[in-house]
Amino acid sequence: MSPEKKEFDWFDRPESRKLLWRLLIGASVVSVLLELTLVFGHGRHDYFGIDGMFGFYALLGFVACTLMILAAKLCGFVLKKPEDFYGDSKEETLPEDIDDALR
Amino acid sequence: MMPFADFPPALILILGALLVPVFKGTARSIYVIALPGFALLYILQLEIGNSWHLKLFSFVQEPLEFLRVDKLSKAFGIIFALNATIAFIFAFYVKKCTQHVAALIYIGGALGTVFAGDLLSLYVFWELMAVSSTFVILARNTEKARGAALRYVLVHLFGGLLLLAGIVITIAHQGGSIAFNGFDFATQQHTGTWLILLGILVNAGAPPLSAWLPDSYPEASVTGGLILSAYTTKTAVYTLLRGYPGWEPLIWIGCIMSVYGIIYALLENDMRRILAYSIINQVGFMVCAAGIGTHEAISGATAHAFCHIIYKSLLWMSAGAVLYRVGKSKCTDLGGLYKTMPLTLIFGIIGALAISAVPGTSGFTSKTIILQAAEHQKLFWPWMILEAASAGVFLHAGIKFPYFVFFNKDRGLRPKEAPRSMLLAMVVLSFLCIFLGVYPQPLYDILPYPVDYQAYTWPHFVTQMQLLILSALVFFLFLPMLKRTATISIDFDWFYRKGSPLFYRATDKALNGFNAFAGKFFIGKVVKGASNFFESGASRIACHIMTPIWAMQGHSSEQIEDERQVLFKRAKRGAFPIGVTAFFAVIILGILSAIFLVKR
Numbered sequence: 001m002s003p004e005k006k007e008f009d010w011f012d013r014p015e016s017r018k019l020l021w022r023l024l025i026g027a028s029v030v031s032v033l034l035e036l037t038l039v040f041g042h043g044r045h046d047y048f049g050i051d052g053m054f055g056f057y058a059l060l061g062f063v064a065c066t067l068m069i070l071a072a073k074l075c076g077f078v079l080k081k082p083e084d085f086y087g088d089s090k091e092e093t094l095p096e097d098i099d100d101a102l103r
Numbered sequence: 001m002m003p004f005a006d007f008p009p010a011l012i013l014i015l016g017a018l019l020v021p022v023f024k025g026t027a028r029s030i031y032v033i034a035l036p037g038f039a040l041l042y043i044l045q046l047e048i049g050n051s052w053h054l055k056l057f058s059f060v061q062e063p064l065e066f067l068r069v070d071k072l073s074k075a076f077g078i079i080f081a082l083n084a085t086i087a088f089i090f091a092f093y094v095k096k097c098t099q100h101v102a103a104l105i106y107i108g109g110a111l112g113t114v115f116a117g118d119l120l121s122l123y124v125f126w127e128l129m130a131v132s133s134t135f136v137i138l139a140r141n142t143e144k145a146r147g148a149a150l151r152y153v154l155v156h157l158f159g160g161l162l163l164l165a166g167i168v169i170t171i172a173h174q175g176g177s178i179a180f181n182g183f184d185f186a187t188q189q190h191t192g193t194w195l196i197l198l199g200i201l202v203n204a205g206a207p208p209l210s211a212w213l214p215d216s217y218p219e220a221s222v223t224g225g226l227i228l229s230a231y232t233t234k235t236a237v238y239t240l241l242r243g244y245p246g247w248e249p250l251i252w253i254g255c256i257m258s259v260y261g262i263i264y265a266l267l268e269n270d271m272r273r274i275l276a277y278s279i280i281n282q283v284g285f286m287v288c289a290a291g292i293g294t295h296e297a298i299s300g301a302t303a304h305a306f307c308h309i310i311y312k313s314l315l316w317m318s319a320g321a322v323l324y325r326v327g328k329s330k331c332t333d334l335g336g337l338y339k340t341m342p343l344t345l346i347f348g349i350i351g352a353l354a355i356s357a358v359p360g361t362s363g364f365t366s367k368t369i370i371l372q373a374a375e376h377q378k379l380f381w382p383w384m385i386l387e388a389a390s391a392g393v394f395l396h397a398g399i400k401f402p403y404f405v406f407f408n409k410d411r412g413l414r415p416k417e418a419p420r421s422m423l424l425a426m427v428v429l430s431f432l433c434i435f436l437g438v439y440p441q442p443l444y445d446i447l448p449y450p451v452d453y454q455a456y457t458w459p460h461f462v463t464q465m466q467l468l469i470l471s472a473l474v475f476f477l478f479l480p481m482l483k484r485t486a487t488i489s490i491d492f493d494w495f496y497r498k499g500s501p502l503f504y505r506a507t508d509k510a511l512n513g514f515n516a517f518a519g520k521f522f523i524g525k526v527v528k529g530a531s532n533f534f535e536s537g538a539s540r541i542a543c544h545i546m547t548p549i550w551a552m553q554g555h556s557s558e559q560i561e562d563e564r565q566v567l568f569k570r571a572k573r574g575a576f577p578i579g580v581t582a583f584f585a586v587i588i589l590g591i592l593s594a595i596f597l598v599k600r
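Protein sequence lines, in the order shown, are assigned to chains A and B.
The C-terminal position of the first sequence is numbered 103 in my numbering, with every residue numbered one higher than the one before it.
The C-terminal position of the second sequence is numbered 600 in my numbering, with every residue numbered one higher than the one before it.
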């Protein structure tokens with residue numbers, strides 16, 4: 001055992017990741033359910049009709065993000081290039097604005 | 001009133017920058033913090049309606065107006081000076097003076113632009129910004145930075161020329177007046193105003209004129225990128241709000257910018273390039289607001305610009321602190337930094353939450369005003385795109401940036417926590433992000449038009465949380481698809497980075513090929529042929545005439561060959577016996593006489 005105090009690695013543990021996943025799914029469900037308070041309360045104002053639909057914003061977030069990730073993925077096939085695509089020379093030394101401790 | 005109460009604040013920074021080399025070491029670091037700090041105090045006490053004129057050119061009727069204080073210019077002036085002060089606290093570690101001088105002049109140029117009261121002074125400060133910011137990029141002193149700075153300045157000189165051409169034409173349209181107020185979309189559309197608009201859009205980073213931004217900012221130094229991120233695009237936003245409110249095409253340009261920034265930020269591997277694309281995304285909201293043009297939209301864009309500068313600086317600072325300590329900026333090289341840089345992580349997350357407009361942060365109280373302005377104008381599709389883009393912001397800046405830098409895979413990096421000056425700067429900005437998110441009234445008070453906006457209503461809270469949490473869910477569901485690769489993405493700069501060498505090679509092949517062909521043909525063939533013809537053509541003709549005559553006389557082919565050679569040599573030298581010459585002379589004389597007689 002090393003004499004140093006144990007490193008904080010909570011986020012690397014599989015059980016923490018599982019917990020975070022559950023929290024995220026739970027939060028998604030709760031955020032949609034919270035809208036019930038609006039349905040049974042005084043409702044919410046809509047400007048275009050469709051945005052008054054139940055769970056509209058949850059759906060919008062989900063669909064928009066999925067589409068954007070897919071679009072980025074598709075664009076990536078055409079746009080992604082190796083790092084030396086423009087023939088930039090590789091930097092031999094660290095630039096001056098980096099911590100001296102790294103030198 | 002103080003004697004200098006209407007002195008242009010730009011000159012405080014520009015003249016003050018010249019004194020930077022006088023100071024050494026810590027005194028210099030303190031001086032560069034104090035200078036924008038003083039400018040901030042000075043701007044805060046400026047009264048609305050102040051102005052400062054300079055009669056410079058006799059050919060212009062009006063004097064130049066270097067200071068025009070109204071609510072719009074004052075709000076931008078305050079945030080510019082405030083951000084500069086905090087950025088220089090962050091930059092306490094910078095020892096070299098070139099970057100400080102360039103940065104101070106650059107920020108001075110930005111202040112000059114927003115306080116400029118007429119088209120000519122606007123142009124002067126605009127170009128000052130372009131030139132000085134190039135030196136900010138160059139100050140990193142690497143091969144890549146030099147290349148990026150060269151491309152940067154070329155694009156901005158092009159933009160500056162568009163602006164200048166537009167200004168000249170517009171002044172002519174205004175009957176010689178250099179006044180710069182709002183151009184009316186219905187009545188003032190002409191080549192001049194459109195060219196000015198194009199010049200502004202170059203600086204705003206609107207595609208396809210946007211590639212300079214993610215190309216150059218990430219090549220600047222840790223502090224250079226931080227300072228650059230705030231000013232060029234936001235002076236462009238200011239100029240649009242001032243000059244182009246209600247210009248409808250801006251609505252769509254803004255929508256395109258906001259989506260384009262997200263797609264590219266999702267593709268990017270370099271953390272500072274992710275933040276650079278995120279600037280384009282955010283400025284898209286403001287450009288769209290300028291296009292909407294109502295009082296609510298203009299105030300919303302100003303509030304958004306104000307808060308955006310704060311949280312975007314905070315994000316650049318946390319990325320800068322990582323780069324400073326680790327020396328790397330690619331997501332494929334980073335990860336697991338939460339273990340040793342927890343404070344940098346926390347401040348970075350506050351910036352990330354603010355840019356995503358999470359309730360309780362400044363994004364929630366500012367950006368959403370623009371969305372409401374779109375709702376009030378019944379602009380369904382722009383509103384829809386901006387809402388979708390709001391969700392996308394959370395994807396690329398809110399989660400992707402902190403996740404890949406601080407969590408993801410542990411790559412064995414154990415850097416120290418950021419230096420204290422950097423942490424102090426991040427504390428101040430984090431405080432502002434939350435303060436303006438909880439209590440936005442001081443910000444609303446300085447906006448150009450009064451806003452009656454309640455961010456914190458229960459429906460607004462619920463819908464915003466739905467939008468964001470579901471975006472987060474999508475991010476983690478699609479995480480395998482978002483795995484970083486060690487690649488770059490080609491942007492519109494392809495056209496000048498690959499296109500210009502291609503163009504060069506193509507013109508080289510085409511024009512030099514034609515040149516070589518022409519050389520071969522004319523010098524090798526035509527000239528030689530002509531020379532041959534003039535040298536021996538007549539002799540050859542004589543041989544050709546004589547050969548059938550000799551043949552008729554019954555000479556053998558060997559004899560003909562011999563006679564041909566003799567005739568050829570004689571004809572070439574002109575050495576015929578006198579009798580033959582005289583014989584031909586008589587024949588020609590006969591022909592001429594015959595022609596003469598027939599003509600009679």
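Simulated from the structure, these hints should not be mistaken for laboratory data.
Any given hint might turn out to be false.
[To be verified] DEER-style ranges, computed between Cβ atoms:
| hint | chain 1 | residue 1 | chain 2 | residue 2 | range |
| --- | --- | --- | --- | --- | --- |
| 1 | A | 7 | B | 504 | 53 to 61 Å |
| 2 | B | 161 | A | 13 | 25 to 33 Å |
| 3 | B | 510 | A | 101 | 50 to 58 Å |
| 4 | A | 33 | B | 439 | 26 to 34 Å |
| 5 | B | 486 | A | 7 | 23 to 31 Å |
| 6 | B | 456 | A | 18 | 28 to 36 Å |
| 7 | A | 101 | B | 53 | 49 to 57 Å |
| 8 | A | 101 | B | 498 | 35 to 43 Å |
| 9 | A | 18 | B | 483 | 49 to 57 Å |
| 10 | B | 486 | A | 54 | 43 to 51 Å |
| 11 | B | 481 | A | 54 | 24 to 32 Å |
| 12 | B | 506 | A | 18 | 52 to 60 Å |
From a predicted model like this one, the values you see are computed outputs, not experimental measurements.
For every residue, glycine included, the Cβ atom is placed at its ideal position computed from N, Cα and C.
message = Which constraints among the numbered hints does this structure fail? Numbers only, ascending.
response = 2 and 9
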